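Undergrad: One letter stands for each residue in the lines below.
There are 2 protein chains.
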Amino acid sequence: MGKADLLIYGCAIVAMNGKNFIENGAIVVKNGVIASIGKSTSVENIRAEKKINAKGKVALPGLINCHTHVPMTLFRGLVEDRPLDSWLKETIWPLETKLKPEDVYAGALLGCLEMIRSGTTCFADMYFHEDMVAKAVEKSGLRGILAEGIIESGNKALGERMFERSIDFAKNFRGHANGRVGVMVGPHAAYSCSPSLLIKVGVAASQLKVGIHLHLAESNTMFKKLGKKRGPTEVESLAKAGFLEGHVLAAHCINLSMNDMRILSERGVNVVYVPVANMKLGLGVAKIVDLLRFGVNVSLGTDGAASNNVLDMFEAMKIGSLLQKIFYKNPTVLPAYDVLKMGTIDGAEALSLEKNVGSLEKGKKADIVLVDLSKPHLKPLHNIYSSLVYAARGSDVDTVIVDGKILMEKGQVTTLDEQSVMEKAETTAFDLVCR
Amino acid sequence: MGKADLLIYGCAIVAMNGKNFIENGAIVVKNGVIASIGKSTSVENIRAEKKINAKGKVALPGLINCHTHVPMTLFRGLVEDRPLDSWLKETIWPLETKLKPEDVYAGALLGCLEMIRSGTTCFADMYFHEDMVAKAVEKSGLRGILAEGIIESGNKALGERMFERSIDFAKNFRGHANGRVGVMVGPHAAYSCSPSLLIKVGVAASQLKVGIHLHLAESNTMFKKLGKKRGPTEVESLAKAGFLEGHVLAAHCINLSMNDMRILSERGVNVVYVPVANMKLGLGVAKIVDLLRFGVNVSLGTDGAASNNVLDMFEAMKIGSLLQKIFYKNPTVLPAYDVLKMGTIDGAEALSLEKNVGSLEKGKKADIVLVDLSKPHLKPLHNIYSSLVYAARGSDVDTVIVDGKILMEKGQVTTLDEQSVMEKAETTAFDLVCR
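Those protein sequence lines, which keep their order, are chains A and B.
Be aware that the first sequence starts at 0, since it is given in numbering that gives the first Met the number 0, and climbs by one per residue.
Be aware that the second sequence starts at 0, since it is given in numbering that gives the first Met the number 0, and climbs by one per residue.
Just so you know, the hints here were simulated from the structure itself, not pulled from any lab data.
Careful: at least some of the hints might be erroneous.
As a list, the in silico DSBU-like pairs of lysine-lysine whose alpha-carbon atoms are at most 30 Å apart [said to hold, decoys possible]: (1) K2(A) - K404(A); (2) K409(B) - K54(A); (3) K423(A) - K88(B); (4) K18(A) - K423(B); (5) K18(A) - K199(B); (6) K54(B) - K409(A); (7) K170(B) - K138(B); (8) K328(A) - K354(A); (9) K18(B) - K88(A); (10) K134(A) - K404(A); (11) K138(A) - K423(A); (12) K328(B) - K134(B); (13) K54(B) - K38(A); (14) K409(A) - K134(B); (15) K409(B) - K328(A); (16) K409(A) - K409(B); (17) K328(A) - K88(B); (18) K239(A) - K170(A).
Beyond 12 Å from chain A on every Cβ pair, some chain B residues (computed) [claimed, not checked]: (19) G17; (20) S41; (21) G178; (22) T232; (23) D311.
Model, not experiment: these values are computed from the prediction.
We put the beta carbon where it would ideally sit given N, CA and C, even for glycine.
Go ahead and model the full structure; you've got the sequences and the hints to work with.
TA: Right under this line is the structure:
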């Protein structure tokens with residue numbers, strides 16, 4: 000092997016291809032790809048442009064946040080302790096109508112910065128002016144599966160316009176930023192898009208061969224307001240319309256019947272579990288343990304910062320596990336390893352990226368996170384999975400690598416000017432609220 | 000006013016005596032006490048031994064963790080995803096029989112270090128060899144209300160011995176470490192101590208004028224195994240025995256009837272809400288919203304690291320609020336300010352320390368925490384309370400002061416050698432498990 004681009008050595012490795020754990024490991028990266036991974040023996044013979052001595056750290060696959068609205072960092076903490084309905088209609092949606100592309104860019108950069116700092120290397124996003132999120136992905140060095148959102152809300156012309164924009168975005172940004180941008184289409188939800196629009200979205204997605212990212216069964220109230228109290232469930236109506244045939248990424252999935260779960264399993268729908276936002280808005284608990292029994296692929300997301308209020312996937316993993324334990328009154332469900340799987344390889348599968356990322360394996364893209372284990376709250380280290388899920392926080396992330404490129408090293412972000420990103424976002428947010 | 004010991008200026012202040020918020024404030028400390036607090040005007044005229052420019056930070060009262068077993072950091076991550084009963088009986092209790100005083104000291108120091116790092120300045124602890132925890136309090140500079148635990152478990156002689164030790168500890172360590180150590184007696188729970196022992200504890204506590212720290216209504220299973228399925232509830236039996244007359248600090252309080260809540264309210268029992276550990280062990284949700292309606296004083300705790308797995312009160316505040324919202328399916332309950340109150344002034348009241356700590360006021364002890372707001376996940380700052388509760392983490396704590404003494408400044412712990420505390424605790428834990 001010729002000279003490598005990057006050698007990481009001396010670290011523990013949690014590869015997430017099975018429960019393989021290497022205590023003293025090394026990873027060689029070449030052309031953005033993991034060229035070799037294994038024990039840290041005779042690393043002194045490996046030639047590399049850059050070497051990272053990662054003693055006291057653990058390498059794991061970059062975390063994958065499968066449901067967020069990154070630019071909503073602008074609204075973090077703005078409306079608190081309020082129900083979803085009034086939260087959306089009285090504050091969030093009115094503010095969103097005032098959003099300019101440059102606002103979205105400022106918020107997206109702040110979100111990308113926060114994600115880098117907390118060990119997320121890939122995220123699935125749905126928002127407006129999504130081209131600005133693509134720009135932030137390009138600038139920050141992260142990987143993103145992006146969708147321009149579609150909200151009809153009873154206004155057909157609006158729905159049509161947003162549909163066109165969503166399709167255009169998907170056509171124009173596929174493979175953007177050296178392939179780090181992937182695309183989906185983003186119908187907001189069954190309560191904000193009409194059945195006919197949803198059918199149209201489904202057909203277009205199938206023609207374009209892209210996935211669909213939507214909110215599903217998040218709020219019974221919102222869906223029932225449509226007068227469907229006695230009719231089919233949200234899942235049943237979507238299934239009947241042929242909407243669930245392609246690759247679907249369905250966030251929340253709280254209000255599901257057993258039949259709904261069966262349908263999601265049969266159609267291979269990818270569920271995104273969003274524990275923190277679901278708790279914060281008091282919406283209900285997604286029955287993840289049952290979904291897993293039905294064989295559904297479940298990934299994990301934070302939602303936007305306006306309803307979480309952070310984009311920290313470590314927190315989402317811990318709270319996600321805890322919420323299932325308390326809901327089922329059973330401490331054995333969703334153990335640490337399983338939820339770490341949700342945050343990595345199962346997330347990759349939900350985004351059709353499982354061949355490229357989600358685990359540390361030879362030939363996969365080098366999306367790697369180093370977590371510093373030399374912290375009081377991570378000592379003693381009896382069990383690496385429980386340390387990572389129940390004790391680690393986003394702030395324990397030391398180094399972040401995407402496509403073999405270092406985005407953060409020893410807590411220093413390399414791709415973004417942290418101070419100016421924070422200032423710009425704060426100014427933008429304050430201006431937006433006063434507009 | 001003569002020369003002060005410490006001046007902190009240029010920071011926001013969240014004083015927690017009502018919703019007073021100072022945007023650009025200053026705090027003067029003299030002889031361990033807050034000599035003045037207010038706007039940061041003409042601070043250049045204030046003479047002080049030490050000045051801290053705290054621009055970009057917010058000062059708040061040190062957080063108060065009202066229920067923990069600090070030395071259990073040794074067991075962090077050791078037994079995971081297991082029910083309380085087998086968790087205690089198969090792993091924790093057998094290991095605890097092997098504990099030597101020096102093990103407890105090593106674990107306690109690690110816990111104190113973790114608490115300093117995450118902004119806790121005062122904690123209520125119950126464990127064995129509690130004199131070692133007092134020693135760790137003395138060394139670390141923290142404040143602690145400590146109780147030697149009493150577990151009878153059907154063995155009368157054992158119960159008697161532990162009772163004597165608990166009483167001796169309370170007699171000998173009251174006011175230890177320049178008054179930073181306060182004492183209680185610590186009967187473990189109604190399922191692990193006989194009614195006659197509990198009555199004896201109640202009488203002794205009353206004579207000594209100390210509070211009682213116990214686990215209450217944590218597990219229906221454990222209590223019902225005593226054959227009390229149809230008899231009085233745990234609270235009713237304790238009340239009947241006259242046990243709830245004095246100052247009682249009751250952790251968990253999950254399984255309460257409305258009548259139990261009325262009793263707790265009438266007797267002025269202080270409840271400790273322990274959301275993270277309750278979720279992790281799948282035990283149930285304490286009905287905090289109802290308890291507050293009954294006028295019960297509710298404080299907040301983390302429990303030991305073996306069932307949490309961290310001592311981070313910021314996390315406990317966030318999860319504590321979220322858990323009530325999801326339990327009551329109402330996002331408006333337990334808003335940010337209220338849960339911050341639980342973590343500060345209500346915690347002080349639970350420990351009878353409300354005249355000394357829990358809020359930043361002239362004449363109170365200078366137990367102050369500075370949180371660094373210049374972080375991506377804390378931007379923009381729309382609302383300080385929601386930032387502190389829903390977005391901040393323990394790792395955002397920059398500076399910690401207890402009794403006017405700096406325990407950590409700009410992330411550097413001054414009272415403990417961090418590396419050696421971590422190493423010693425890890426070696427001890429590994430040795431203990433193999434013993």
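Undergrad: Now tell me if each hint is right for this structure.
TA: The hints, checked one at a time:
no., hint, verdict
1, K2(A) - K404(A), "holds (16 Å)"
2, K409(B) - K54(A), "holds (25 Å)"
3, K423(A) - K88(B), "violated (55 Å)"
4, K18(A) - K423(B), "holds (29 Å)"
5, K18(A) - K199(B), "violated (51 Å)"
6, K54(B) - K409(A), "holds (25 Å)"
7, K170(B) - K138(B), "holds (20 Å)"
8, K328(A) - K354(A), "violated (36 Å)"
9, K18(B) - K88(A), "holds (28 Å)"
10, K134(A) - K404(A), "holds (17 Å)"
11, K138(A) - K423(A), "holds (15 Å)"
12, K328(B) - K134(B), "violated (44 Å)"
13, K54(B) - K38(A), "violated (46 Å)"
14, K409(A) - K134(B), "violated (35 Å)"
15, K409(B) - K328(A), "violated (41 Å)"
16, K409(A) - K409(B), "holds (17 Å)"
17, K328(A) - K88(B), "holds (19 Å)"
18, K239(A) - K170(A), "holds (27 Å)"
19, G17, "holds (19 Å)"
20, S41, "holds (28 Å)"
21, G178, "holds (26 Å)"
22, T232, "holds (19 Å)"
23, D311, "violated (7 Å)"
Violated hints, in rising order: 3, 5, 8, 12, 13, 14, 15, 23; the structure is consistent with all others.
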